[in-house]
Amino acid sequence: MKEITAMSAMTVAEKIKAKELSVQEVVEAQLKAIKLREPLYNSYITITENEAKEQAIKVQGQIDNGELKDSPLAGVPVAIKDNICTRGIKTTCASKMLADFVPAYDATVTERLKKSGAILIGKVNLDEFAMGGTTKTSYFGETKNPWNRDHTPGGSSGGSSAAVAAEEAFISLGSDTGGSIRQPAAYCGLVGFKPTYGTVSRYGLIPLASSLDQIGPLGRNISDCASILELISGYDPKDSTSIKQGRYNYRSALVDDVKNMKIGVPKLYLDEDLDEDIRSCFLGALKTFEDMGAKVELFDLDEIRHSVQAYYVISCAEASSNLSRYDGVRYGHRTGDYDGLDELYKKSRGEGFGYEVKRRIMLGAYMLSSDKYEAYYNKARRIRTIISKTYDEAFNKYDILLSPESPNTAPLLSDDYSSSKNKQKSEILNVSVNLAGLPAVSIPCGKDRKGLPIGLQLIGKKFGEKALIQAAYSFEQTRPYERPGTLVN
Amino acid sequence: MKISKESFHNIADMVKLSFKEEEKLKLIKDLNHTVEFIETMNDMNTDSQEPMSYIHNLKNVFREDVASNAKAGQGLHENAPESMSDYYVVPPIFHD
Amino acid sequence: MKRYETVIGLEVHVELSTASKIFCACSTKFGEKPNSNSCPICIGMPGAMPILNKKVVEYAILVGLALNCTISKKSILDRKNYFYPDLPKAYQISQLYFPIARNGRITIDTDDKSKSIGIHELHIEEDAGKLIHDSDKNMTLVDYNRSGVPLIEIVSEPDMRSAEEVKSYLEKLRTMLRYLGVSDCKMQEGSMRVDINLSVREVGDTRLGTRTEIKNMNSLKAISRAIEGESKRQIDILQSGGLIDQETRRWDDNENESVRMRLKEEADDYRYFPEPDIAPLEISDEWIHELMALLPEFQDEKILRYQKDYGISEYEAGVLTSSKEIANLFERATRLCNLPKEVSNWLMVEGMRILKDNYIDPWDICLTPERLSTLILMIEEGRINRIKGKEVFEKSFLEDVDPEDYVKKHGLEMISDDKMLRKVVVKVLEDNPQSVSDYKNGKTKAFDNLVGQTMKSMKGKADPALVNTILKEMLEN
Chain A
0 MKEITAMSAM TVAEKIKAKE LSVQEVVEAQ LKAIKLREPL YNSYITITEN EAKEQAIKVQ
60 GQIDNGELKD SPLAGVPVAI KDNICTRGIK TTCASKMLAD FVPAYDATVT ERLKKSGAIL
120 IGKVNLDEFA MGGTTKTSYF GETKNPWNRD HTPGGSSGGS SAAVAAEEAF ISLGSDTGGS
180 IRQPAAYCGL VGFKPTYGTV SRYGLIPLAS SLDQIGPLGR NISDCASILE LISGYDPKDS
240 TSIKQGRYNY RSALVDDVKN MKIGVPKLYL DEDLDEDIRS CFLGALKTFE DMGAKVELFD
300 LDEIRHSVQA YYVISCAEAS SNLSRYDGVR YGHRTGDYDG LDELYKKSRG EGFGYEVKRR
360 IMLGAYMLSS DKYEAYYNKA RRIRTIISKT YDEAFNKYDI LLSPESPNTA PLLSDDYSSS
420 KNKQKSEILN VSVNLAGLPA VSIPCGKDRK GLPIGLQLIG KKFGEKALIQ AAYSFEQTRP
480 YERPGTLVN
Chain B
0 MKISKESFHN IADMVKLSFK EEEKLKLIKD LNHTVEFIET MNDMNTDSQE PMSYIHNLKN
60 VFREDVASNA KAGQGLHENA PESMSDYYVV PPIFHD
Chain C
0 MKRYETVIGL EVHVELSTAS KIFCACSTKF GEKPNSNSCP ICIGMPGAMP ILNKKVVEYA
60 ILVGLALNCT ISKKSILDRK NYFYPDLPKA YQISQLYFPI ARNGRITIDT DDKSKSIGIH
120 ELHIEEDAGK LIHDSDKNMT LVDYNRSGVP LIEIVSEPDM RSAEEVKSYL EKLRTMLRYL
180 GVSDCKMQEG SMRVDINLSV REVGDTRLGT RTEIKNMNSL KAISRAIEGE SKRQIDILQS
240 GGLIDQETRR WDDNENESVR MRLKEEADDY RYFPEPDIAP LEISDEWIHE LMALLPEFQD
300 EKILRYQKDY GISEYEAGVL TSSKEIANLF ERATRLCNLP KEVSNWLMVE GMRILKDNYI
360 DPWDICLTPE RLSTLILMIE EGRINRIKGK EVFEKSFLED VDPEDYVKKH GLEMISDDKM
420 LRKVVVKVLE DNPQSVSDYK NGKTKAFDNL VGQTMKSMKG KADPALVNTI LKEMLEN
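Protein chains in written order, with numbering that gives the first Met the number 0: chain A, 0 to 488; chain B, 0 to 95; chain C, 0 to 476.
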């Protein structure tokens, strides 16, 4: 039999249902792999060993009683990004500010996973407050890419991607504000799914930018992602922005058929200074889709060219407000030495937040100040309207859009390329998706000359998850999942 | 420079952040760099566009007026850096 | 000497009397154990999200309609960002750009005339927690029970010119809000709080002077004194050639003067922006019509109708309609016993006295229209006399007491037994020879004394008319 931890989430779930594996066995195997590899990758902030073992017994009992029959992930260990609240378990946002914060409540996604018998195996690393694309700003140290430890696993859901690639988890939850699920999935050779805004409840997700954030899965294949997405999707009365919809039957879209599917490819991406390996992989992917009977067409999407600027303004503005509550009064870091309230605030926040967080708070506050509001914040929101309309028009013509997920593969952790122009341009495709609230998935489509994975992004129209799943599933049939060659046993 | 040292201090005061001296200089430079980049969006005419606030056309999302949170406050205290009996504690502030 | 006039606009914050808070299911009850009415949402825990209480919106629309406002078809909640320990999220969810209602007016009565005061806007927002200053321990304690209690803010135009007009406006507003049942408007408990915007200018000048804002006033008397005081301060400055600073001030009622809190330039930039976590409001005509049907008959309309329907004076009608509770009591009891003058008398004289003596509010009255009617009919039918009637009235006004039961239990029925009363009168005349001779010498007051003595021996239960007759008869003979 294949190593347990190397199996897909769905396979393990089926074996548990068939009594070929017990939940305890699976959890033990997972914990063993974590202990073995965690020193190499640092995917986790908190490993919930005891809770997972207890949960395993409980869930096995439920399964033995004939419960959880319809739950696709009963007994499967899942890692959760550490900006998603877990009752009684530290939820840190990888920040000194919340290093000891233990929520007294579960996020709605946490609650739903527990109810469906998934096992919370631990809380995974991220950039501080999900601000970044490398995990380098984490208070708990950077995570390493399982394909090559000198490289970043991506971010901000870098712990989520590294854990799944390193087989320290079968599947994980991340959050995506401007590519934070899709980019780390691409860097680690995984599938990363960012659902339509409003599909998954944000209650208990510690917000970065409320109008952009969305929780989604990272997994080793689209079937695993579709399964978990089905569990966590759906209207939640605790989140005013969640959408009332019928049953999210995503697994029904796991069909190998893209015949006559209309696929648009924005030129924008091909014009860019794409890395040669990425360009050839991307063109190869287009060819694959054509070979499978899809109609692929290049088109102009130039109207979204200012997405990154608009994203900066809107995400930082919202973040500056969302992060104001960390003031050292009710929870979180409080400075040890202060004279008066103002100093308590400034020192607690000054010490509790890292540089990148402070940068974005400052920028956001500047953009929102009364004399700048129209010129920056409203301007950005008007551009957002244009972006949204532009995508709507594109989806009048196409079922899905394709692009490289990123113009480069995982950079070296030692690189400092935070605000280079090229990087900003490359983010257009990631962030515009969030600005328009669209669903998008990144799937592996090859490797570069250094052996690092390359991601392909599929963008859908609002609530067009099923088309994405079907296209991703079809593509996946031509390229089975590849694990990093370097994993230690 | 859009953001001078003085306006930097004003914003920092507004959002209650303290900085180390070297952090400050780097950040002022970074912020100005970013603002400059953001302003490249101004070449797009947006006069006829409404500012977008919400993705979906949701409206009137309400809850009914029922008080049912009797025990929701339990355990919230445990995260407080400083508390006294049932209260949270901050340094003395006089005059509202 | 130049003559000045004072120009005043008010911002009134009113706590709505919903069962739960504006964004969470915590109770709004006043005076509970500190922080017992709090949850992740109203304490601003990470990841918690607000859900708007429908009743808050309905109450706000009702008030908007009562104030003759235009109700916004589309309304949005905004975040107002600032740091203070009573504000857990470090932003208050409020409304700036698209408030629920705008452009209303309210008519107030001053001594000699009525006057229309414009309402600039009305919006909904959340209240902050409470800070308790402990000077012994040199710390400030925070209680979030009030955090998230729903508020409406009613912003008037600068249409008032004196403390009297302000008082009249606030009383009018308070009566109206209480009639609507949306707030108890208890200023001393902070459920109605007032910010005063005040400037002065030379009479005849049409431009507004530089204004100051006096924050958080919570008594009508203090508001009057603050207006007088601040108005005088500003006039003194102008007269000595000075300029008014635009600033926020605090009224110190003990020192009888206002004190600077901060200058306008120092004021925070609140960085308002639309609250992304709450969907916009869309208020349809149907919804407005549904709510309009719920508007009660207000005091002004009642005063006119009472004079017409019940033939009582404008003054009486004014007192009876000063609260919805008394007005209801009056109307419904009258419908049952058909004796409007009697009902009015009891409520005007005894009812008002009991409220005052016991420091209670109209909504604390226990008396029901049915019981009031029963009591009045008992008196009319001669089953008890007025003296005992007062006792029964007070009892059932303050407590859950049925007049019939009470009268029976305490044997208060009126005694009209001629023979028995004659015996008592004989005894009284024997015991009070001085009064008898006074009466015979023409001192009529002595007669009252003898009536009193007789009633006293009868423990107040005697039929007073019969006592009068018997006494007169015996004294004349």
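To be clear, the hints were calculated from the coordinates, so they are not data collected in a lab. Be careful, since some hints might not be right.
[Unchecked claim] Here are some chain C residues the structure puts well away from chain B; computed CB gaps all over 10 Å: (1) C25; (2) P33; (3) E281; (4) N337.
[To be verified] Calculated cross-link-like contacts (lysine to aspartate or glutamate; reagent style EDC-like; alpha-carbon spacing at most 16 Å): (5) A:K68 with A:E13; (6) A:K371 with B:E38; (7) B:K19 with A:E350.
Note that the coordinates shown come from a computational prediction; the quantities given were computed from them, not determined experimentally. All C-beta atoms, glycine included, are put in the ideal place defined by N, C-alpha and C.
Violated hints - listed by number, lowest first: 1, 2, 3
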